[in-house]
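J.: So the sequence lines, in the order shown, correspond to chains A and B. Using the working numbering, the letters of the first sequence correspond one by one to residues 1 to 659. Using the working numbering, the letters of the second sequence correspond one by one to residues 1 to 87.
Hints listed in this document are in silico derivations from the structure and should not be mistaken for laboratory results. In this text the structure is predicted, and so the values were computed from the model without any measurement. The beta carbon of each residue, even a glycine, is placed where N, CA and C say it ideally should be. Keep in mind that a hint or two might mislead.
Label-pair distances were calculated between CB atoms; the ranges are [as the list claims (entries may be wrong)]: (1) B:Leu26 to A:Phe480: 26 to 32 Å; (2) A:Leu11 to B:Pro49: 46 to 52 Å; (3) A:Val198 to B:Leu34: 28 to 34 Å; (4) A:Asp326 to B:Gly30: 53 to 59 Å; (5) A:Ile595 to B:Pro19: 33 to 39 Å; (6) A:Phe480 to B:Leu34: 53 to 59 Å; (7) B:Leu34 to A:Phe153: 42 to 48 Å; (8) A:Thr244 to B:Leu34: 48 to 54 Å.
Partial list, computed: chain B residues near chain A (C-beta under 7 Å) [said to hold, decoys possible]: (9) Ser33; (10) Gly53; (11) Ser59; (12) Val69; (13) Ala72; (14) Phe77.
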Amino acid sequence: MLHEPSWIAILIFCSFVGITLAISFLAAGKSKSSQGYFAAHGEVHWFVNGIAFAGDYLSAASFLGICGMIAFFGYDGFLYSIGYLAGWIVALFVIAEPIKRLGKFTFADALDAKFDSRGIRLVAGISTLAVSLFYLIPQMVGAGVLIQPLLGFSHEVGVIVVGTVVIMIVTTAGMVSTTYVQFLKGSLLVLFSLILVVMILNRGLSTETANKTQHQITILGPFSKDTLNQKELIVNEKLRFTITNENKTLSSKSILSLVNQRDGTRSFWRIENALESPEKIVLLETQTIVSPAKLGQKPIVNGKPKGKGPENGEIWSVGNLWKLPDGKTQTGALNPSQFLNIIQNSEILLWTSEKLKQDDGTTLTIYYPKVTNGKDVLSPGNHPSLKGIRSEKIFDKLNFISLMLALFCGTASLPHILIRYYTVKSPTCARNSTVVGIGSIGFFYILTLFLGLGAMVSGALDPTDSNMSAPLLAKNFGEFMFAVISAIAFTTVLGTVSGLIVAASGAVVHDLIAGVLGHEMEDHNKVKAGKISAIIVGILAIILGILFQKMNVNYLVGWAFSIAASANLPSLTLLLFWKGTTRQGIIAAVLVGMISSLAWILLSADTFKDVYGLPPEKSIVPFSQPGIVTIPLGFITLIAVSLLTRKNPELEPSANPNA
Amino acid sequence: MKNPENSTSHPENEPNINPVGLLFFLIYVGLYSLFIILNSFFPTTMGSPYFFGLNLSVSFGFALICGAVVLAFLYTFVLRSKGPKGT
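With the hints as extra help, turn the sequences into a complete structure.
T.: As structure tokens, this is what we get:
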């Protein structure tokens, strides 16, 4: 879809960025020391820190990715909401208080508190950098996605703008500004999401689109089912098609390829049962993009060169209810339970796509609607990566179990979440702020189901980009809502990226430069080194955000969780709760967890398909999500290496200070 | 580098898991595991209406989110008298 920037959107966006930068410059005075720069002096109030937790955690993945996934695949996106929140249980009951007691600046502080080991500092520092970078990718992709309709910039320019603003925030005031930016955006995100959900419920559901200027999908028929076996399809005297056998090369056999006999144009149609009579079929209009084989050529969209105006073609917005229960066409205002019940008993046009390599080297992508039962929409297994739930094969099911395990174990292992425990005064404050975080994050995740389903039937979706679903839903309620929601989502990206960059630069300065290289620095030099590291990590994030443009941000975050959970959680938990943990055990576990999860991801079918562009069948790992293998592997490695290296317990400090 | 001696000098500095926390953690792990098992091996059960006409997958999902929030607040309430208040 081609988006036109509006002045109100630009104005609100600039105000948000201006406020964010003002907070940073005002807080700069409090960040002269390394304690201030990396941990906000440990003086942040627990309530502010709790909301800032929500700000940190409700990233582009949560807002853009989950809403987009629910809008296109239904319940599967909500599984991420459930998993992301469940992870906070580990953070609250297992990690929060001990990590506050043991650490000062970074996650490595806690791991190394008992051992004073360069090896631990090195592996923990590298792990922090790896997880931060993997988590940064979806945030930057999300930023590019947002800025395109908001300001009219290209994805690349959007990513560069975000990277630059974030580098400014982090280099001016580090953790102090990051915390208050997170507090602000965490509060606004939850508040405006609630407002949007109230508007969705108040509008109710309808088989007609709210936006009257929206393209109305063309429906041919009804025809008898025998029509499909003929060579010709006659709609009326003026409109006759030749039925080609091109659909044989498509994996979806419900798509029919037709050639108009008058002008020779080719088009694709989705075959569906007719509403009036299930014995008959109707043909639903699809959309196509032909991507050129060579750079510099314009893509062909719906048969015309991509662009605005009657001479050009563009993708039109989609997403409608096909049929409401009891033959109704609209419902009026609904309460949350009624809304879900009616969705469950309706039929919805869900849009999906299929790619086809053509003989001339171009790639044809067909976007087509699929009438889907509401019961299936609200059940798991619609998203391609979670289809295994409905499969009989055990490996397919393991992919889902592995993902849910990684989400559960990953939250409490994310570096930018862990360092937030150092910004409060005491372990009690750490616990209280986690509870505030869980309350606000949990509330937001409940809203995601309504936001996603609301977007699904809003008629506002861009079939080429699931990440834009939430802002486009807001646009359905007017330019102001669109501007505010987009600006909040943008601030969301700014806040999360800032937190990640602070975590990464802290790891470079404290763990790698000071801890491993033993390079003693004056306090102000530590801050300077932190700022230089922040600039380098920021530039890396910009490059990765451009490279991974087309991937769903939520799915990318799943990878970051897997690496964090596999590399960090085994060491953190066993250090706290198993006396036999040794220095060598921790080093081995972090390395094995990190390398195995990273290798698994790089060799997975999803990476083959989405990153390398290779056939997914060539992948050598049986399923894409590594957690179920690599998290236990981290635990086993730590226990085995610790047992092997515990020759003289008196020389090895105990992991349990009470022992 | 933090001195391990100092980290045990105050009752606040005991990195053991609280028994109440452990209990709540185990309860939640049990519920979460049940949710995953039902989704993985009984997807049709998850699609059947259960609570206020909503299917089990949606009802259970809401219960897990609300359950986490309730356990978190309950945990703070149980431990309200322990440890310095602070800000």
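J.: If a hint holds in the structure, say so; if it does not, say that too.
T.: Hint-by-hint comparison with the structure:
1. B:Leu26 to A:Phe480: 26 to 32 Å: With Cβ atoms ~48 Å apart, the hint is violated.
2. A:Leu11 to B:Pro49: 46 to 52 Å: Distance hint for Leu11 (chain A), Pro49 (chain B) holds at roughly 47 Å.
3. A:Val198 to B:Leu34: 28 to 34 Å: 33 Å, holds
4. A:Asp326 to B:Gly30: 53 to 59 Å: With Cβ atoms ~40 Å apart, the hint is violated.
5. A:Ile595 to B:Pro19: 33 to 39 Å: 36 Å, holds
6. A:Phe480 to B:Leu34: 53 to 59 Å: 44 Å, violated
7. B:Leu34 to A:Phe153: 42 to 48 Å: 47 Å, holds
8. A:Thr244 to B:Leu34: 48 to 54 Å: 50 Å, holds
9. Ser33: Nearest chain A Cβ about 9 Å off; hint violated.
10. Gly53: Constraint on Gly53 (chain B) satisfied, holds at 5 Å.
11. Ser59: Where the cut-off is 7 Å and the nearest Cβ of chain A is about 10 Å from Ser59 (chain B), the hint is violated.
12. Val69: This interface hint holds because 4 Å falls under the 7 Å limit.
13. Ala72: With a minimum Cβ separation of about 4 Å from chain A (threshold 7 Å), the hint on Ala72 (chain B) holds.
14. Phe77: 10 Å, violated
In the structure shown, a violation is registered for the earlier hints numbered 1, 4, 6, 9, 11 and 14, in ascending order.
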